[in-house]
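J.: If you want the building blocks of each chain, they are given just below.
2 protein chains.
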Amino acid sequence: MSKKLTKRSEDYSKWYNELVVRADLAENSAVRGCMVIKPYGYAIWEKMQAELDRMFKETGHQNAYFPLFVPKSLFEAEEKNAEGFAKECAVVTHYRLKNDPDKEGKLMVDPNAKLEEELVVRPTSEAIIWNTYKNWIQSYRDLPILVNQWANVVRWEMRTRLFLRTAEFLWQEGHTAHATKAEALAEAEQMNDVYADFAENFMAIPVVKGLKTESERFAGAEETYCIEALMQDGKALQAGTSHFLGQNFAKAFDVKFATKEGTQDYVWATSWGVSTRLMGALIMTHSDDNGLVLPPNLAPIQVVIVPIYKGDEQLAQISEVANELVKDLRAKGISVKFDDRDTHKPGFKFNEYELKGVPVRIAIGPKDLEKGTVELARRDTLTKEFVERTAVVEKVEALMKEIQENLYEKSFAFRDAHITTVENFEEFKDVLENKGGFISAHWDGTVETEDKIKELTKATIRCIPLDAKEEEGQCVYTGKPSKKRVLFAKAY
Amino acid sequence: MSKKLTKRSEDYSKWYNELVVRADLAENSAVRGCMVIKPYGYAIWEKMQAELDRMFKETGHQNAYFPLFVPKSLFEAEEKNAEGFAKECAVVTHYRLKNDPDKEGKLMVDPNAKLEEELVVRPTSEAIIWNTYKNWIQSYRDLPILVNQWANVVRWEMRTRLFLRTAEFLWQEGHTAHATKAEALAEAEQMNDVYADFAENFMAIPVVKGLKTESERFAGAEETYCIEALMQDGKALQAGTSHFLGQNFAKAFDVKFATKEGTQDYVWATSWGVSTRLMGALIMTHSDDNGLVLPPNLAPIQVVIVPIYKGDEQLAQISEVANELVKDLRAKGISVKFDDRDTHKPGFKFNEYELKGVPVRIAIGPKDLEKGTVELARRDTLTKEFVERTAVVEKVEALMKEIQENLYEKSFAFRDAHITTVENFEEFKDVLENKGGFISAHWDGTVETEDKIKELTKATIRCIPLDAKEEEGQCVYTGKPSKKRVLFAKAY
Chain A
1 MSKKLTKRSE DYSKWYNELV VRADLAENSA VRGCMVIKPY GYAIWEKMQA
51 ELDRMFKETG HQNAYFPLFV PKSLFEAEEK NAEGFAKECA VVTHYRLKND
101 PDKEGKLMVD PNAKLEEELV VRPTSEAIIW NTYKNWIQSY RDLPILVNQW
151 ANVVRWEMRT RLFLRTAEFL WQEGHTAHAT KAEALAEAEQ MNDVYADFAE
201 NFMAIPVVKG LKTESERFAG AEETYCIEAL MQDGKALQAG TSHFLGQNFA
251 KAFDVKFATK EGTQDYVWAT SWGVSTRLMG ALIMTHSDDN GLVLPPNLAP
301 IQVVIVPIYK GDEQLAQISE VANELVKDLR AKGISVKFDD RDTHKPGFKF
351 NEYELKGVPV RIAIGPKDLE KGTVELARRD TLTKEFVERT AVVEKVEALM
401 KEIQENLYEK SFAFRDAHIT TVENFEEFKD VLENKGGFIS AHWDGTVETE
451 DKIKELTKAT IRCIPLDAKE EEGQCVYTGK PSKKRVLFAK AY
Chain B
1 MSKKLTKRSE DYSKWYNELV VRADLAENSA VRGCMVIKPY GYAIWEKMQA
51 ELDRMFKETG HQNAYFPLFV PKSLFEAEEK NAEGFAKECA VVTHYRLKND
101 PDKEGKLMVD PNAKLEEELV VRPTSEAIIW NTYKNWIQSY RDLPILVNQW
151 ANVVRWEMRT RLFLRTAEFL WQEGHTAHAT KAEALAEAEQ MNDVYADFAE
201 NFMAIPVVKG LKTESERFAG AEETYCIEAL MQDGKALQAG TSHFLGQNFA
251 KAFDVKFATK EGTQDYVWAT SWGVSTRLMG ALIMTHSDDN GLVLPPNLAP
301 IQVVIVPIYK GDEQLAQISE VANELVKDLR AKGISVKFDD RDTHKPGFKF
351 NEYELKGVPV RIAIGPKDLE KGTVELARRD TLTKEFVERT AVVEKVEALM
401 KEIQENLYEK SFAFRDAHIT TVENFEEFKD VLENKGGFIS AHWDGTVETE
451 DKIKELTKAT IRCIPLDAKE EEGQCVYTGK PSKKRVLFAK AY
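Going down the list, the sequences are from chains A and B.
Residues 1 to 492 (my numbering) make up the first sequence, in order.
Residues 1 to 492 (my numbering) make up the second sequence, in order.
It is worth saying that the hints were derived from the structure and are not from the lab.
Some hints here could point you the wrong way.
Because identical chains share one entry, a pair is satisfied inside a single copy or across any pair of copies.
Said to hold, decoys possible - List time: in silico DSS-like cross-link candidates among lysine-lysine, alpha-carbon distance up to 30 Å:
| no. | residue 1 | residue 2 |
| --- | --- | --- |
| 1 | Lys-337 | Lys-401 |
| 2 | Lys-114 | Lys-103 |
| 3 | Lys-480 | Lys-429 |
| 4 | Lys-47 | Lys-57 |
| 5 | Lys-337 | Lys-134 |
| 6 | Lys-401 | Lys-57 |
Can you make the complete structure from the sequences, with help from the hints?
T.: Written out as structure tokens, the structure reads:
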């Protein structure tokens, strides 16, 4: 615990990796690319889930559950989707192990238990779900279907990093079916708005809402809405995507419905998801060289109370005050922990909760008892003040809002200072190299130019912002005419 | 919707299968043995999860998440556990698909992407978790570890049935680590008590708490606590298990800790789980020939309001009353749906909610408007009465408790009438054949006798009840001396 974290300025990537492990959020497992999400990290994910789930239900969605496995023949039905994921599929080929006759106490795959058809561990569930929807949809009366699933998925990534890119990850995937194109498009945009709302108001992360270019779109989608966030190292992170799938999956799985007018039409689809990757975004956006910084709206422990005492008598006196505070704070819906462990010193505890990003720390010592005060420390600003004991609850309630807002404003200011408008490719490269962040530039709309820029700079088009103004301009690379600026960045 | 369910008395098994599908709870998928849990079924599961999760947290547990895959070498480390599950393991052998050169548009497993070590899709997570705990535990200060995981698991069952036995199912698995045997035993028993509490107070299912015999124990456990329920067809259903694992996994994964006294000792373990199988128990315990019957504590919709009207004007008047009721009931924490769909007639709706087991139905027609009443129907008793509009909220609140209690009492009475004490093997076979239910009988304590009885009758020892009295007796099969009665039954 005493060893300091690597500083962000020294090695941002190392800082992140250390922080995730030392703040007890997650760790690598014995399975290549798969992580263990530890209780403290999982508690944050649970808070995210609860809020998102509430938002999904408020917008009319219900949860359901579909199989983990996708038979290969279904998986390959929508060709673009299949092509997009084929290279990273974990495949189940056998359904039994047996004793290895050559190795005492060891097992081997039983060659007699080979599956007739291989099963793909879902990298995403469009195929298995649309094969199911086929039986649920006959008429316009069966539409819309507004379903979400909380699940694990597997994508066999070669280079993995805790939360940001793991072979198995947890996510939610919404899959909706609609009678009209307009309705499906509206749904896709609505869910992207829900993600933006969640990112900004719960994660305290400002995001740009936009559309992906063709080459960055989800495999099988006609349009991909996204929210893009900016990390402290100037790299962008795609925090959520919402896809308008057109009739692609309906056609692949032959899902038609009788319209109000009595004709037959293919069903329109959307899918949308956010994953444990959000944990990475949360960690990287707010944290500092002392450790994690959590917005109160997602902190499993919002307030920690640490007693500073010598001997049992003092502890008893302090505990009385502390327990009173715990009760009063909980009555206000604030999650609070009184850490009266006698195995660790106050300094150790201070470091621990700083590392773990607890928004407010209250320390109570013998002098506080005399004066009727407590010492209150903010994790976001690292400032301390003495507060009258009678004023603590009100003060903490106000701080919950204040810290939440401060974190958002701070990251908004950083993000705002890191959207740079450039007019030519020299500027583009200079900003990318020396400043980082989003680069707002004109682009000629071709995949070739996009690819070339990526090849030369490693920057990709993060999105075409939904609020991009119409303006005459020239592509930053080819000089060809353009009518809108797009956002480039290096990305996670 | 009009077609009647098969009656329980005609074909209990067929009744169950039809009910699960027609009440929109679940259906079979394109993947052998894997089910789709539909929104209505999943909503019940979510209510179960929420209650259980609260109970786990109240007893000091935290959630975490461990990998879906278990490398074969870890899986085989605890030999009994491995042997117990080896025959039903889905195995991932490859991590990539590629285009099939012989079949345009088709994919095949890429032979160049064979894993060096096969990965078992977790049938249970002791192996991967104890391999992780190894790094978390050095000293007694790191104990206890009280962790739970909500997850999907896969056991390749040959004969599957919706909810009761599926290749993939959802469950929670608690995995705890302790410094002493006594503490681990107490934990295992505590969690079995939590399950019993949940079954009785939320599912309204009476259960017998007991211990499994050696041959029915979890593979790798030293003792398995269980709760056993009785279905309407007289067959028993194991609803939850909690295992004392001794030091077996600690030894298999070499997990030692420094004791308070400065010595080294292996860590003591428990694991405990309930699964979507509980859905099967819930359905089979309370439902009738008209469809599902749900206890109010787990019903996603506790009250449905159906308007009976001609024309828009009447609907508007009824809606005013209904919306007021909705508001008042929700204020009391009651989940209520006002079904004002104009695409379906009241009779259709009545059938639908009966089939779906909604505990209370309120119908409001023009005469009710005149009289200031509503018609209130109970799903459990199928009785109806008129209630003054001003008394509805209070009445419904009372009914929520009354129905919950009535369902429990009804199933308790049934269960009680189906525990039959027998003294010899003729009686045993007679009761099993003609009455069903639990048979309370003496047993000589040997695996041989247990096996023989199973072979002859298909009945197994469901448990040795925790509250079994010490009494002198003779084994129902061998006549050898016995000191306790055990419960036999045919089981799901």
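J.: Hint by hint, say whether it matches the structure.
T.: Outcome of the hint check:
1. Lys-337 x Lys-401: within (19 Å within a copy, 35 Å between copies)
2. Lys-114 x Lys-103: Close inside one copy (21 Å) and across copies (21 Å); limit 30 Å.
3. Lys-480 x Lys-429: Within one copy only: 18 Å inside, 89 Å across.
4. Lys-47 x Lys-57: Classified as both: same-chain Cα gap 16 Å, cross-chain 14 Å, threshold 30 Å.
5. Lys-337 x Lys-134: between (50 Å within a copy, 28 Å between copies)
6. Lys-401 x Lys-57: both (25 Å within a copy, 27 Å between copies)
No hint from the list above goes unmet by this structure.
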